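Student: Chain residues, written in single-letter form:
2 protein chains.
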Amino acid sequence: MDEVKLGIIGLGNMGGHYAGRLSKGEIKRLRLAAVCDRDEEKLKAADAGDAKRFTDAEEMLKSGLIDAVVIATPHYDHTVLGIKALELGLHTLVEKPISVHKADCERLIAAHTNKDQIFAAMFNQRTDPRYRKLKELIDSGELGKINRINWIITDWFRTRQYYASGGWRATWGGEGGGVLLNQCPHQIDLWQWLFGMPQKVRAFCQVGRFHDIEVEDDVTAYMEYADGSNGVFITTTGEAPGTNRLEIAAERGRIVIEGDTMKWLRNEVTSTEWCETCETGFAKPETWDISLPASGRGEQHMGILKNFTAAILDKAPLIAPAEEGIHSVELANGMIHSSDIGETVSFPLDGVAYETALKKKIETSTFVKKVDQPKGAASNMSNTF
Amino acid sequence: MDEVKLGIIGLGNMGGHYAGRLSKGEIKRLRLAAVCDRDEEKLKAADAGDAKRFTDAEEMLKSGLIDAVVIATPHYDHTVLGIKALELGLHTLVEKPISVHKADCERLIAAHTNKDQIFAAMFNQRTDPRYRKLKELIDSGELGKINRINWIITDWFRTRQYYASGGWRATWGGEGGGVLLNQCPHQIDLWQWLFGMPQKVRAFCQVGRFHDIEVEDDVTAYMEYADGSNGVFITTTGEAPGTNRLEIAAERGRIVIEGDTMKWLRNEVTSTEWCETCETGFAKPETWDISLPASGRGEQHMGILKNFTAAILDKAPLIAPAEEGIHSVELANGMIHSSDIGETVSFPLDGVAYETALKKKIETSTFVKKVDQPKGAASNMSNTF
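Line by line, the protein sequences are chains A and B. Per this note's numbering, residue 2 is the first one in the first sequence, and the count goes up by one each step. Per this note's numbering, residue 2 is the first one in the second sequence, and the count goes up by one each step.
So here's chain A without its partners, still in its complex pose (with noise of 0.2 angstroms):
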């Protein structure tokens, strides 16, 4: 096999923008050779060049025309479809969240059977300079031990217009939740790629605060490790112009990374052996203030999708294997069941009372939906990921 021959369920902005680029050939030995979408303008619009075109997801998937599909349907379908392509056989990349729960997480890990197929998430983010110099520093013992994680990632602002942009938007039937599952996946899953899973997470969400919808749009969530270590992430799609800083206090010193910078204030001393040793009561270890160079934001999207043709031709170790897609889900649900019940909640969550939990929210929703009818440029969502 030379070329992978690639198809593409769910023509929305993500699905769409692949289509877009894989046609005219951006990636070598991954050929675009089928596009899915159920809405048939939608599919006849799409800048998809030749690729054969389908209304049926089922159809496609078993049409012999392609070996490997992307899965960039609403998250809820990601489960049901990525089991039907593992269960045909398909090299199968999904997009994120990988299913919107848990237990759906481990309904779809579960279908991969074969480890000949090639099974990845689209976590982009873990292409990004910045973090894979940060996980190379870590996993090194460069840092030494982490003590403390903040991740303030505020920039998602998201407008009325945005939600009243698609009625399955942010409620519990459509997407399962609302920036936790929506926006921040991708730091969720850098937070547990970086710093692995904690212990136990304090989560307080607030439902519709700033927007009229009926999950959560803004979190902050305390989690503990079992070493003693703590983290703070922070989220909202309610704040403008937003922030998106990530700092690490570790005994080596502390690492921020913001906007275009990372800068590492180091320890030529850890914290932990000047602790000890310093004869004084106020003195700090001498650091050095050093920028990494981590500049421009990586391959992103192209990347993982260059990355899934290599290992599939090349046996490449993938970038984001989907099955490590459960933990950024068990973390958003974690954070979403401690608010909910107002407590701290440890980890592994119980996957299947927190789905039945999520389909009495679904089964007793109340709330009316918004949609309103896009106006111009309100519904070009091209440039979002």
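In case anyone wonders, no lab produced these hints; they're calculated from the structure. Since we're looking at a predicted model, the values are computed, not measured. Watch out, some of these pointers could steer you wrong.
Which copy is meant is left open, because identical chains are indistinguishable; a pair holds if it fits in one copy or across any two.
Under the rule of at most 16 angstroms between Cα atoms (straight-line distance), these lysine to aspartate or glutamate pairs were calculated in the EDC-like manner [as the list claims (entries may be wrong)]:
1) K371 with E277
2) K361 with E215
3) K146 with E252
4) K285 with D156
5) K371 with E280
6) K201 with E344
7) K6 with E344
8) K25 with D290
9) K360 with E300
10) K316 with D117
11) K134 with D117
12) K85 with E280
13) K45 with D117
14) K116 with E137
Mind docking chain B on chain A? Use the hints.
Tutor: Frame of chain A; chain B shown alone:
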């Protein structure tokens, strides 16, 4: 009366520092007339000019030599000595925290029956131009509604030697708490001064995380306000180099005070109005990138002492009336209490219940504090406030 004759009780770090500066006439119309310390050697060695020296506080208070007193003793004595001074008709300035717990604050404040007596607290950071500018922007409505506050104040690094330098340090009986009672009263006071009292708090205190002590040296607190806004306050004495970064997200944009900078990303249109009226889903209001002119740290302790003098002689309004000192104590107590019970605590706090719980901690403490003989510079704390 054209000058104030001042006495100082307690010649430790703070009292000794004031004595040195005031005895040289640094503040006009404020004459150092007497000083007091139980430790005769310290008293003898004090840099206090020709001030009369006392080993007994009550004797000094009753001596007739002074009109006003600064109480710079360990925390618990603020209440007892403050009440005595007020009852004797003296103008009184107490170090922070004004007391260790809310019930003691109430007792102390209740003794201030004669409003012609000036009663102030040493919240010197209220003189910092950055915080004064921020207060001005908030109080004038320039910032609009505040949505979120985040203060990471983790640059209070202290070594093992610091805690070993005094048996009373970081004990329930000696200080009534850890970083919240010793290092952070300034920031907690600024918090309530700038943003008002929250409705509730959920805090997570770690006891002796970085040091061998029986009180908290690591805290994360989540606060909620009646209007839905929220905030996170993070502090520790275990982190080097540590952070001091205050971020305020408001309708009119975001202000960050960090290091020597005070930056405002100012929304031309408020986020609330933009959210409602913008016809696209993702656009944000235009922002102005403003560097606020707020350099330097202000007059700090000398500023508060000058203001105390002007209040006595000229009826100038106080920068930090002692009555306001109860709020930071109540907030600190609420954080410790929330962490103790593992639940959210609402304000106002039950001060008597807190006092009872604190006394029980003191009575049942089996912690044996390790105290070192000072070695060389170890005991020199002249630069710490």
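Student: Does each hint hold? Answer for all of them.
Tutor: Results for each hint:
1. K371 with E277: Result: close only across copies, 13 angstroms inter versus 60 angstroms intra.
2. K361 with E215: within (14 angstroms within a copy, 45 angstroms between copies)
3. K146 with E252: within (6 angstroms within a copy, 38 angstroms between copies)
4. K285 with D156: Classified as between; 10 angstroms across copies, 34 angstroms inside a copy.
5. K371 with E280: Classified as between: cross-chain Cα gap 15 angstroms, same-chain 65 angstroms, threshold 16 angstroms.
6. K201 with E344: both (10 angstroms within a copy, 15 angstroms between copies)
7. K6 with E344: neither (48 angstroms within a copy, 55 angstroms between copies)
8. K25 with D290: neither (44 angstroms within a copy, 40 angstroms between copies)
9. K360 with E300: The answer is neither: 37 angstroms in one copy and 60 angstroms across copies each exceed 16 angstroms.
10. K316 with D117: Classified as within: same-chain Cα gap 9 angstroms, cross-chain 83 angstroms, threshold 16 angstroms.
11. K134 with D117: Cα proximity of K134 and D117: none, with 30 angstroms in one copy and 62 angstroms across.
12. K85 with E280: neither (65 angstroms within a copy, 39 angstroms between copies)
13. K45 with D117: Neither, since 34 angstroms and 83 angstroms both go past 16 angstroms.
14. K116 with E137: This pair counts as neither: shortest intra-copy Cα distance 27 angstroms, inter-copy 62 angstroms.
In terms of the numbered hints stated before, the structure departs from hints 7, 8, 9, 11, 12, 13 and 14, listed from lowest to highest.
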